[in-house]
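Student: Turn these sequences into a full structure, and let the hints steer you where they fit.
Going line by line, the protein sequences match chains A and B.
Sequence positions in the first sequence follow our numbering and run 1 to 464.
Sequence positions in the second sequence follow our numbering and run 1001 to 1366.
Keep in mind that the hints were calculated from the coordinates and are not lab data.
What you are looking at is a predicted structure, and each value in this text was computed from that prediction instead of being measured.
Since no wrong hints were added, every one of them can be taken at face value.
30 Å max Cα-Cα, derived DSSO-like pairs, lysine-lysine:
| # | chain 1 | residue 1 | chain 2 | residue 2 |
| --- | --- | --- | --- | --- |
| 1 | A | Lys218 | A | Lys44 |
| 2 | A | Lys218 | A | Lys355 |
| 3 | A | Lys123 | B | Lys1332 |
| 4 | A | Lys442 | B | Lys1042 |
Residues from chain B that face chain A, not an exhaustive set, calculated with beta carbons under 7 Å:
| # | residue |
| --- | --- |
| 5 | Val1063 |
| 6 | Thr1067 |
| 7 | Phe1092 |
Using C-beta positions, here's what the derived DEER-type ranges look like:
| # | chain 1 | residue 1 | chain 2 | residue 2 | range |
| --- | --- | --- | --- | --- | --- |
| 8 | A | Ala170 | B | Leu1162 | 44 to 50 Å |
| 9 | B | Ala1010 | A | Lys244 | 39 to 45 Å |
| 10 | A | Asp5 | B | Thr1227 | 48 to 54 Å |
| 11 | B | Glu1190 | A | Arg41 | 36 to 42 Å |
| 12 | A | Leu273 | B | Asp1111 | 43 to 49 Å |
| 13 | A | Ala170 | B | Asp1288 | 37 to 43 Å |
Idealized CB from N, CA, C, for every residue including glycine.
Below, each chain spelled out in residue letters.
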Amino acid sequence: MTALDLARLQFATTTIFHFFFVPLSIGLAFYVAVCQTLHYRTGKEVYARQVNFFGKLMLISFAVGVVTGIIQEFQFGMNWSQYSRFVGDIFGAPLAMEALIAFFLESTFLGFWIFAKGRVSPKTHLVSIWLVSIGSALSAFFIIAANSWMQHPVGYKMVNGKPQLDSIWAVVTNNTAIAAYLHVIFAAALTGTFVVIGVAAFQIRRGHEVELFTRAVKVAIPILTVGVIGGFLAGDQLALLLVKQQPMKMSAAEALFESEAPAAFSLFATGDLTRDPGQTNRNLKIPHMLSLLATRSWDGKVTGINELERRDIAKYGPGQYVPYVAVIYWSFRVMVYTWGLMLLFALLTWWMARKGRLAESRHWQTFAMVMAVSPFLVNTAGWVMTEVGRQPWIVQGLMQTKDANSPLVSTAQVASTLIGFTLIFTVIGGIALWLFLRYVSKGAEPQATGKPDATDVPDLTLAY
Amino acid sequence: MHVDYSFLQALWFILIAVLWIGFFVLEGFDFGVGMLMRTVAKTQGERRALLHTIGPMWDGNEVWLLTAGGATFAAFPMWYATMFSGFYLALFLVLVALIVRGVSFEFWGKDDRPGWRTGWEWAMVISSGLAALLFGVAWANIVRGVPINAQQEFTGTLFTLLNPYGLLGGVTTLLLFLSHGAIFLTMRTEGTINERAQGIARFASPAAAVAGIVFLVWTVINMENRTGIEVAVAVLAGVGAILLATMAVSELAQRAHVAFSLSTAAIVLLFVTLFVDLFPNVMPSSTDARFNLTVANTSSSHMTLTLMAIVAAVMVPIVLAYTSWVYWVFRKRVSSDEFDLETKNPIDLMRGGAPHAPTDAQSPAG
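Tutor: Below is the structure:
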């Protein structure tokens, strides 16, 4: 392996690990903010206990998400110095804005929320969790805007062979960024709710605080519904944009080597698992479906990988322009199929809740517990498709990944940090998971006798 | 309105200096408190009290570093690329230290078996100390100059950074943050932990002053274009350090706030000295002065600098306002008595009165 391969592996490892926790934190922060609002409005203790219970799970997630995020910001410079020099004029701005606008808000008020409970009025405390929720959701916007610029560069002009900022408005209103952001934010909401519902189902199943956790599921159902539908709609818009902006990625996601008109959607394909096998057996297909998805017409033509490759060679010169097809094809399948399960689960949950059967149906409870894993699967698959599908480019059409790494950082150096980060992530991730499961198995704390009004007595339920 | 390009570059150099200095002042005492976790606090209640002095703020304080990093990327991408890829393994160690430190604060109280807590306490001590040391080593080397070639690439290794001047810089920040943290604790706590923190400050502050003054003298000797301003700032920093040491030794208990202000001033002035010395370079090359990275040859375009200046002008006051408000909410001194509940039996509690008896401090938002 070369230093470049290792740097790529490191980026994949740190990003995937970081992104286990980011959507979970965003989703749980939103859920906790909703529960705290319900408690503030209704004064019902059941919501306050949910805030305490799920708030602790949220804090474990935040702890890991925040510390692993530092690496994200620094590894561009560490491993990708050529990239940083090339794109710095545009790419650095959203990162700096993310810190100034979002990270300060999120971090400051998270600390405040943990420690100020009971010290400030319930209203102020409520505002603080919403600021955390807003801050975390905002931070996702800036990083998605930065990433979308790599997928679909806009708002720049080339000066001395480098992109220079021409319109920040174009960068932050990039249609790719907006579709991708909505897709990610719905996914984050889903991540939070699937974990909440999975944990609640576990508690209901073992007869722990059944009423409390049934209520938790009911609070989660609207978020689940909006998330499943919104996630699909935003994803569909993103796919439409991909057809125009990154057709190679979209065709690879379909393993469509030869152009088709009308194009069929592949349900299952077999083929050589090399990077660019040149053909696949698309065994199970839905006729016309891909034409409908990609072109919004019954017979629309979808260009295949081989034709796109010829075009790229004509445009950019000889080279390798096909990404790892099998990886993209299967990560897209993971997303689509898991989404199907999510939809099914959402409908079932809605039905069960309506019939009042959440507490009795052990099948639903098992289903819910299994589905708690599903968002992590789709989140990872989504990033794998997005990033692997852009290869060989690091910035679509402007710079290739092979020209982007730090030229004087040796293979041994990258290897040592890769091993180091992987070890630390394994340990910290393991501990976080263990803590998470322990809190879950401990269950909700007994009903508090707590005073609802602000006193000078700090309430340390959430603090360490 | 057209603002001069070189003015914008200088402005961003200053802003990045402010962000780094803000980080060192704020996270400096967090590092100090982390290092003192097992020295100043001996019981679980005391350690919990110590954590509560920085608990609400440390994460926000660390964002100053993220902002400094992001701002460097946005305003001086060539500097960001050279510094971060060049200081590769040192930066890796910093990141490891910051990760371990962050989770150690958050995970410490999540389980109560003694081994768990002891383990995380040592993690706090070591990671805080390591980070405090490495930041000094890194900045001393930036000012001193490191091997950089014509392609703006760093050509040294980790060991290039471990020269006597760099190490002295590291020891200086280590001691300075240790003393800063101890003084912060004398300002923010009561009772036994307060007395222990005073004891540490009495030894750490003079030690920091000595290291700081030697480091400053060496820095002044190394200066290539020694102008009046640069020397004056260095002298001021030295005077600050001496005052701090005197203060800490003599009358710390009565005037913790004054001592903390002096400690803050010493950190600020030390880094102002370094940044003033550095400008207009951002990373001088020890290979050849022609390869020096400067504000001019590493900066972003006029448009990006202007845009970021506007964002900073709007956001920095807002951030400062709510950060100050949060510090205000948590201004009350922390006492370990509040956290020793688990060790007292109910009868003791009844004798001693309610642990949370109403005090004179009013709830600021209520």
